[in-house]
Amino acid sequence: MAIKELTFVVCFWIVCSAGHEFFSSTDQTAQLVEKKKYLLMSFSQYIDAEEKNVEAMKSAFQNLLPLYSDPVDPEEFTRDPVAAYKLLRKLRNELIYIVKHIRLSFYQCNEYQYELEFLEIPQPEDLNGAASGLIRLQEIYKLYPENIMMEMSLSADEAYHVGLVAYYEDKFQHAFLWFLYSFDTLTEYSTTNKKDLLHYLSFSANRFGSQHVAIHFCQQLLNLDPTNDEVKVQLSLYRWHHFIRTSNPDIFTLNTESSKYETLCRGEVDERTSKRQMALSCRYSTGGGNPRLMYAPVKEEVEWDEPRIIRYHDIISDREIEILKNISRPLLSRSETIGGVTNIRTSQSVFLDEGYPVVARVNQRIADITGLSMKSAEHLHVQNYGIGGKYEPHYDELDTENDRIATFLIYMSDVEIGGSTVFPKVGVALKPKKGSAVLWYNLHKNGNVDLNTEHAGCPVLRGNKWVANKWIHEYGQEFRRPCSLSYWK
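Residue numbers (mature numbering (1 follows the signal peptide of the UniProt record, and there is no 0)): -18 to -1, 1 to 471.
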């Protein structure tokens, strides 16, 4: 308390210790006695005022506490994307409210204002990004709003926000379905009003091409306000479009057409692929006779033969995973591609060097298992995926002189639904398994890109996804993976 009081005293009292003489006037020296009394009296009054202020702050703090009940295990809570979206919205509102009270309490001293400026609070862009993640999950997994809400439901206001994000992303069918859900769940406590929802329901249906649905909701809007000339014109326009249109798509039914990437994400693997995988083998491996693995060989499973994709089981412990996650958390930033930050990739990541003992151990283990040199490899790249986080189909090669010859992907968490690593060109889907890792070569032995290694990270529908990548480069592999003289491979 004494330190805090002193801090406030410094904020208010400016003590001038230079530019005034006392030794040259006895009267000035005598007056110092009165000044000291005044200073002590002011100090006493200030203490009284601060005690009252502290009591007021304590009262405000006690009033704030009962309003908020945070999840006991936030990481477990955010395994559900809808719950994660709701939590993000809730925390944004609560943090703004709490900061407002802190500023009112500490408005007297700039020190506290400075600290609040650096408090990170979710911005509207974060809420929009989270809503966009929910829409992405709908697109990939062909889900209606009711289906994506597995454990928690969105309020009418929350669903309206998701609908707006979908609308301004030109995803009009999803926008319509979210607006419809919001319309059906409106209550007297909702801030979203019926008029706005009817507007967007008719707009979305019109932009999608379902003119009869647009007419239906526009007519409802006109019934609310029969004198609205703008709505009358709009209704006439929809009726004209309905008259001249030859097609009238069903806005209530989701389109089932999908890319190979999307079907693999949903687990729709071709039966022939499954049979081929069943014929593949498992074994214990010493990494080609590595002394470190002679008495503790790794469990090796061939996931696919062309291109050769190998999974190694139990190559990293739960303790090592937690250490890597704890190191990474304060350092994570938005993942980039060659083109910078794009919507192709939605995750946060960080490169960790061998200054961390656990990273050095993992790197040595990768070298032992693969038999490849790590001298030109990139630092270990730890990633955490967000709400609807994904990495669309891509190649790991960079088209450089010292290219990425191989990828070693470590799964640092299990994922209940979704989150698979898929190879669309060959129809293979690999489910994340905590503690395991998969290896594939991005380049043929002749140095050309293996086009069948195109892969993607599917959005997580249920769970949290942590991975670590080790991209191994060509330099240093001349005698470990000799070049081929073949033009083709």
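Source of the hints: derived by calculation from the structure; they are not laboratory data. Quick reminder that beta carbons are idealized off the backbone N, C-alpha and C, glycines included. Fair warning: there could be bad hints in the mix.
Unchecked claim - In silico DSBU-like pairs for lysine-lysine, Cα to Cα no more than 30 Å straight-line:
#, residue 1, residue 2
1, 427, 281
2, 427, 68
3, 40, 82
4, 415, 68
5, 40, 17
Said to hold, decoys possible - Now the in silico label distances, taken between C-beta atoms and shown as ranges:
#, residue 1, residue 2, range
6, 75, 471, 37 to 43 Å
7, 75, 376, 43 to 49 Å
8, 318, 178, 49 to 55 Å
9, 40, 324, 45 to 51 Å
10, 106, 28, 37 to 43 Å
11, 241, 41, 30 to 36 Å
12, 150, 461, 52 to 58 Å
13, 178, 59, 29 to 35 Å
Hints, verified against the model:
In summary, the hint linking residue 427 to residue 281 is supported, as the alpha carbons are separated by about 25 Å, within the 30 Å threshold. Using a Cα cut-off of 30 Å, the hinted pair residue 427 and residue 68 is violated, with the two alpha carbons roughly 49 Å apart. Restraint check for residue 40 and residue 82: the C-alpha separation of about 15 Å stays at or below 30 Å, so the hint holds. Proposed proximity of residue 415 and residue 68 is supported: the alpha carbons are some 28 Å apart, at most 30 Å.
A C-alpha spacing of about 34 Å is found between residue 40 and residue 17, which places the hinted pair above 30 Å, so the restraint is violated. Checking the proposed 37 to 43 Å range against residue 75 and residue 471 shows it is violated: the Cβ atoms sit about 57 Å from each other. For the hinted restraint 43 to 49 Å between residue 75 and residue 376, the CB-CB distance of approximately 37 Å leaves it violated. For residue 318 and residue 178, the hinted distance range of 49 to 55 Å is not satisfied, since their beta carbons lie about 37 Å from each other.
A beta carbon spacing of about 48 Å between residue 40 and residue 324 agrees with the range 45 to 51 Å that was offered as a hint. Against the hinted window of 37 to 43 Å, the Cβ-Cβ separation of residue 106 and residue 28 comes to about 41 Å, which satisfies the hint. In this structure the hint that residue 241 and residue 41 lie 30 to 36 Å apart at CB is violated, the actual value being about 58 Å. At about 56 Å, the beta-carbon gap between residue 150 and residue 461 stays in the expected band of 52 to 58 Å.
Here the CB-CB span from residue 178 to residue 59 is close to 31 Å, well matched to the stated 29 to 35 Å.
Hint compliance for this structure: hints 2, 5, 6, 7, 8, 11 are broken, all remaining hints hold.
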